[in-house]
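Work out the full structure: start from the sequences and follow the hints.
Those sequence lines, one after another, are chains G and S. Terminal number for the first sequence in the UniProt record's numbering: 319, no gaps in between. Terminal number for the second sequence in the UniProt record's numbering: 194, no gaps in between.
Hints are computed from structural coordinates only; laboratory data are not their basis. Each hint should be verified, as a subset may be incorrect.
[Stated by the list, open to error] Estimated spans, in silico, between C-beta atoms of each pair:
(1) G:Pro-6 - S:Ser-67: 31 to 37 Å
(2) S:Gly-5 - G:Glu-21: 36 to 42 Å
(3) G:Lys-244 - S:Asn-136: 53 to 59 Å
(4) G:Asp-9 - S:Asn-136: 16 to 22 Å
(5) G:Lys-260 - S:Gly-16: 32 to 38 Å
[Said to hold, decoys possible] Residues of chain S placed beyond 10 Å of chain G at every Cβ, according to the derived structure:
(6) Gly-5
(7) Ser-134
(8) Asn-136
(9) Cys-160
(10) Asp-161
(11) Pro-163
Glycine included, every Cβ here is placed at the ideal spot set by N, Cα and C.
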Amino acid sequence: MVHNAPECDNAEMYALGGLSEEESKAFERHLAGCEACALQVAELKAIVDLLPLSVEPVQTPAGMQDRILGHILGDSAVSNTSNQDADAASDVTAKLTPADSAADAFRESTRASDLPPMNEPGPRLQADVGQTRKSQSEPELGREPQPRQPLPAEWPKAKPRRWSVWVSAALAAAVIVLGIYVFSLRDQLSDLRGQLTATTEPPQGLRPNEAVNLSAAAKDIVANGLATIVIDSKGTHLLVQAEKLPQLKGNEAFQVWLMKDGSGVVNAGTFVSRDGKGGLYLTLDRNLSGYNQIAITQEPDAFGQLPRGTAVLSAEISL
Amino acid sequence: MSDNGTDAALLARILGKDPEALKLMYERYERPIYAFAYRIVKDAMLAEEVVQELFLRLWNSAERYDSGQGMLSSWLFTITRNIAIDALRLRQTRTSQQVTEAEQLNREPDPESDTAGLATANVVGEQVRSAIRSLNEDQQEVMELIYFAGYTQQEVSAKCDIPLGTVKSRVRLAMKALKTQLEDIGKEGLSYGP
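Okay, structure coming up:
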C-alpha cells in the first residue's frame, strides 16, 4: 500500500487513542499493508506510553492493597494464601472510618443488586461502553467474560440420547430456580422501593439538633459556612455548607472533622470546592455524644484519616 | 537483585499462579497505576476499582502480554487507560470540570511523593510534563480531552465546536512536538522494576 494514502493521516490520532472504534479498525487494516505507517505508529506509541508518567503522584487509599489482593486471590481457587489475604482485608474493613464505611457500603450494595461488578471482566466495563470507543490492537487483557467458577475442561459431548433427557430436565430445573430467583429479586426490589419511598418522603417539621455558623479559623481567611446536624433513629446526619473557601491546589481537598475536647477526632468526609463554594452531607451511624467541635481543614489530599492540613472553619457544637 | 524480581520473571510466576509474585507486581506498580487511573476518573473509589480490575485481569490473563509489543509498564498503563475510560463512560460522571481543565497537564508534582523507588519515574515524569507545557493551549486541550478524558476526535470537534480537521492538525502538531522532545526517553522506555 502506498504511504500518503488518506488513512496515513490518522497515525497520530490512532496512537493517541482518538479514533472511533470503526476508524481504529479501518486504520489497523491499513497498517497491515503500510510499512511506513506501522513504523510511524510504533514511534508515536513510544511517546504516548510516556504520558502516564506526567501524572503527579497521589496518595493511595488506606488498605487498598489488602482489599484488592484479598479480592483477587480470594476469588482464585489456585491461591493458597487467599484466606490469609481475605482475613487481612476483613481486618481492614473492621477498622474502617465512617467515610470508608460509606465506600464499603456502596460496594456491598452493588453486589447485592447483582449488577455485574467491575471485577468481573466483561459486561460492566466493556459491553455498554459507548459504541464509538476505539478498540485498537493494543494489548487487550482478559476482555472475554471470565466466570468465577472454573469451566469444565471440556463441554459435555452430546452422544447418548438419554443424556439429552437429563440435560433437558436439568435445564428445566435451572429455569425454575432462575424463576424463583428472579421472583425473589423482584420481591427484594419491591422492598427496596418501599424503603426508598419511606426515606424519600419529605420530613415534616424537621428540627435540627444543632445549626451553627462556621467561622474562620484564622485571620486571613474570609470563608464562612453553616453546619446543620440532625439526629434520628438512622444516625447523626450532618450537612455542611461553606463559601468563600480558599483556592485548592493540585489534589487538595477540604475535610470535615468532628472533635471531642480536642481528643477524639472523627473523619466526617472530604469535599472539593467549586468557585469557592462546597459542602457535604453525611450520615454517621455511631454515637457521637460528647463531641463538641466541628472543623473544616484544607488537606493535601482527600484521603487523610487524621487532620494534616490547616484549619479553615470551625464552630462549637453540642452533641 | 536477582533476575527473579524482574517484570518478566514476576509475570512468569504470575502465569504459574504464584500469589507472592502478584503481590510483588502490585507493590511495584500500585502507585503509578493508581495515580494514572485517578488522573482519568478523578474519583478515589472508582480509581481503586480500576486498579483492581487491572490486577484481576493480570492475574487471570497474564498470558496476553507479548513482550514483543513493548514494556510491561506500557502495557499496564494502556490497559489501565482503557479500563478507566470505559468506567468513566459507563458511570457517565463527566462534568465540565473533568474534561476542560487543560491546565491540569501543568500541575506540579507533589514533592513529598518523590520516594526513592519512584525517583527515576519522577525525573522522567518532569521531562514529560515539561514537554507538555511547551505545547500551546489549544494543543494541550486536545491532548487532555483525547488521552486523559477519552474523547474521540469527533467528540472533541463537537465539544469544542472546532472543525475535525483542526482537531487532527492540533494532535499532529502536538505529537510532533512531543516526539522531538521525548524521543530519546521513548526509545529507552521506562522500567519500574529492578
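### Task
Could you tell me which of the numbered hints above are not met by this structure, giving the numbers in increasing order?
Hints 3, 5 not satisfied by this model.
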